[in-house]
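With the hints as constraints, model all of the structure from the sequences given.
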Amino acid sequence: MTTFILRGAAVRGAAIAVLTASLTATTALAEPPVDLSKWSPDYVRSIAGTEEFDTAAECGKVTPLDYKGRLTFWYQGVFEGDPDLLRQYYKDFFETFRKTYPNIQLEEQALTYNDLLDKFRTALLGNAAPMAVRLQILGGTEFASKGYLEPLKPEDVGWSTEDFWPGAMKAVTWDGVTYGIPTNNETMALIWNADIFKRAGLDPDSPPATWDDVVAYSKQIHDKLGIAGYGLVARKNAGNTPYRFMPQLWGYGGGVFDEADASPNYGEVRLNSEASKRALQASYDMYVRDKSVPTSALTNQQADNQPLFVAGQLGMMISHPSDYNVMLDLQKKATGADKEKAQTVIDNMRYGLIPTGPDGKRAVVFGGSNIHILKPEYVEGGKVDEPAAKAIICFWTSPEWSLKMAYAGSNPGNLNGFKTKWMKERLDNIKFLDVTTSMLPYGIPFPALPQAPEIMNIIVPDMLQNALTGAMTVDQAADDAAEKVKELMGGL
Amino acid sequence: MSAPTVVHAPRRRRIDGWRWASRFFLVFMLIYTAVPMAWMMVTSIKSGFAAMAFPPEWWPSEPTLASYRNLLDPQNSVGRDFLRFFWNSLYVSTLTTILAVLVAVPAAYAFSRFRFPGRQFLFFSVLLRNMFPAVIFLVPLFILMRFLGLVNTHGSLVLTYLTFGLPLAIWLLKGFYDNIPIQLEQAARIDGATRFQAFVLIVMPLSVPGIIATAIYSFIGAWNEYIYAYTFLSKNEQLTLPVGVQRFFSENTTDFPGLMAASFMMSVPVVVLFLILQKYFVRALTEGAVKH
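Protein chains in written order, with my numbering: chain A, 1 to 492; chain B, 1001 to 1292.
Straight-line C-alpha distance at most 30 angstroms; calculated DSS-like pairs for lysine-lysine:
1. Lys91(A) / Lys333(A)
2. Lys291(A) / Lys219(A)
3. Lys1235(B) / Lys375(A)
4. Lys224(A) / Lys291(A)
5. Lys1235(B) / Lys119(A)
6. Lys236(A) / Lys219(A)
7. Lys421(A) / Lys431(A)
8. Lys68(A) / Lys1235(B)
9. Lys486(A) / Lys361(A)
10. Lys153(A) / Lys99(A)
11. Lys1235(B) / Lys146(A)
12. Lys1235(B) / Lys153(A)
13. Lys332(A) / Lys198(A)
14. Lys383(A) / Lys1235(B)
15. Lys361(A) / Lys484(A)
16. Lys291(A) / Lys341(A)
17. Lys153(A) / Lys68(A)
18. Lys99(A) / Lys1235(B)
19. Lys119(A) / Lys146(A)
20. Lys91(A) / Lys332(A)
21. Lys421(A) / Lys153(A)
22. Lys236(A) / Lys1235(B)
23. Lys339(A) / Lys91(A)
24. Lys341(A) / Lys219(A)
25. Lys146(A) / Lys486(A)
26. Lys1235(B) / Lys91(A)
It is worth saying that the hints were derived from the structure and are not from the lab.
Okay, here's the thing in structure tokens:
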């Protein structure tokens, strides 16, 4: 039996109001299609299924449906391990696009999450990039600042800037110019195994309230059962690491800069603040002092936590709602006695809000992906078919497809997606969705800086590794990382 | 009175410590190399859930060939892609091998038989490319391929693989030709054969083991290569197997049985090739190393 853990509504409501203000503080909002100040699972349910959208008609206004052209397009794809449901939606998307725009010759290429940025960088060096690309949220400002991207705002493809989370728009804005459009936005949640909690003497239906509790629960699970308590990941150059460490850093009141403040200006490096060091100390305590996380955490990413969780060897982890769908797929394909065992794992899965810091601060990475158009000089053949690119961008960022393409693990970039009938259906079909939509207002975007990928994928994991391997003390690792960020930023 | 009989105490065979140590070492090495292969095969016949079970099942209680069916079924997208990647790898590796042998055979022969100015320098300079890590040449070669219009073509891979496959092939074959007595060719020349005829009719048949070993080296190098294929190709239709198997990894999850089945299928051509031609391979290695 699965249960949703959503408690402390009053406290949360106040926190949401403050954090929503921070997420919406970038631009003077005209009229967003949803009322962000009312954001709650009930509100999301109340708006789901209240509007109909005709994607072909909307996009036909941007690029005529009989337009003849050619488009090369790269995107972070879904592959064999992803939920069947999501893979089907991706397949449907490209089929529908081809039917809607039969005269656009689309050459799409799916790339894996960890490879996309590196491969794209190499392609740019050789002027062999695709005409349009969908990148993870970290990439936008890096490539915009280097002049690779064409200015592109939602209005260029038939939508309004207010149709998107203001926090997400920050990630595609560089030097006051918008260079892309958010396709999906996501916030993760804490997943735990109720049976492990019970056997370890913990309340199976209560997640750890604070990060300090996570450390204590992890130790208790390890001491009682001899298995890993918390799924710490510290792999270098893998997006999974900052997505799981930054909520902890922000929760303790730390940060790389002031990105967790309402109006960040990234002017001060805070990676070696006392609060940041406390967050790093928590990881150190779990890995070195208590040995309560996987020994392989230094090279682990989320894909390594999942087998441990499925096998009942891991008590807690941070992940997407898609983990639930992956489990359903595994159960569906399991045979014999495994089918029953898989069902037991599903029954014991619990989702809850990400824990808070000691001061009650709750935070999560406001992640997702954005879609961009390249400048012709960096594209293979030296030409960009802009109408064709806008057609696919309009399609992907539409209420319908921005929801369907994020069906199992994320949320629609276009806020109108929450109003579609598919959102209603999704709320009924996908367990734990309430938890991740509840986390959205706590989302903090990565610093909208070109250096952000280097900081998040290299410097932050390096800091963790230096502390956890004993190469440096916690203080030294934090100071070292802060120094590297300062150097990278040109001597802040 | 009978002569006293001498009873010899049974002689204790001396334990040959080195022999036993080497046996243990060989058994250890066998386990070290064979167990991962065995584990790969066992995982490939598990369901996704069983592959993650703890403690692991040494033999699945419900073995399934679903992953193989998936890979070999051209009706579904996974099978279609896998078979295409397989064909692409086979095409690139075979073409690389043929070209490597075609170029390396005369080049190695020339280095072995002819004395010309700069011979030593040239011979060592062919190795220059192999003295640096492959990744150093990644971006320069990518830009070069772009200039040549070869990005997103298999030609870019064949050309690149030749740059690091050829030096090794030339060195390997040169050692082999050095061990073929020049007197055999001289005898053929006395009997009226041209140098080319002596090469084709006398030297080539004798160097077959070396050529086969060179071909295997080139084939395996091209078959397993990842980083250049990953960089130069970005169209799904053209990907080779090492890049293609990445599709079993996702952001948050891995399809272990699918990955293991694909890896097993990927190892089949190399293993078969090696098993069929291993006697030549070993001969080439040893003959090239000893002066007669």
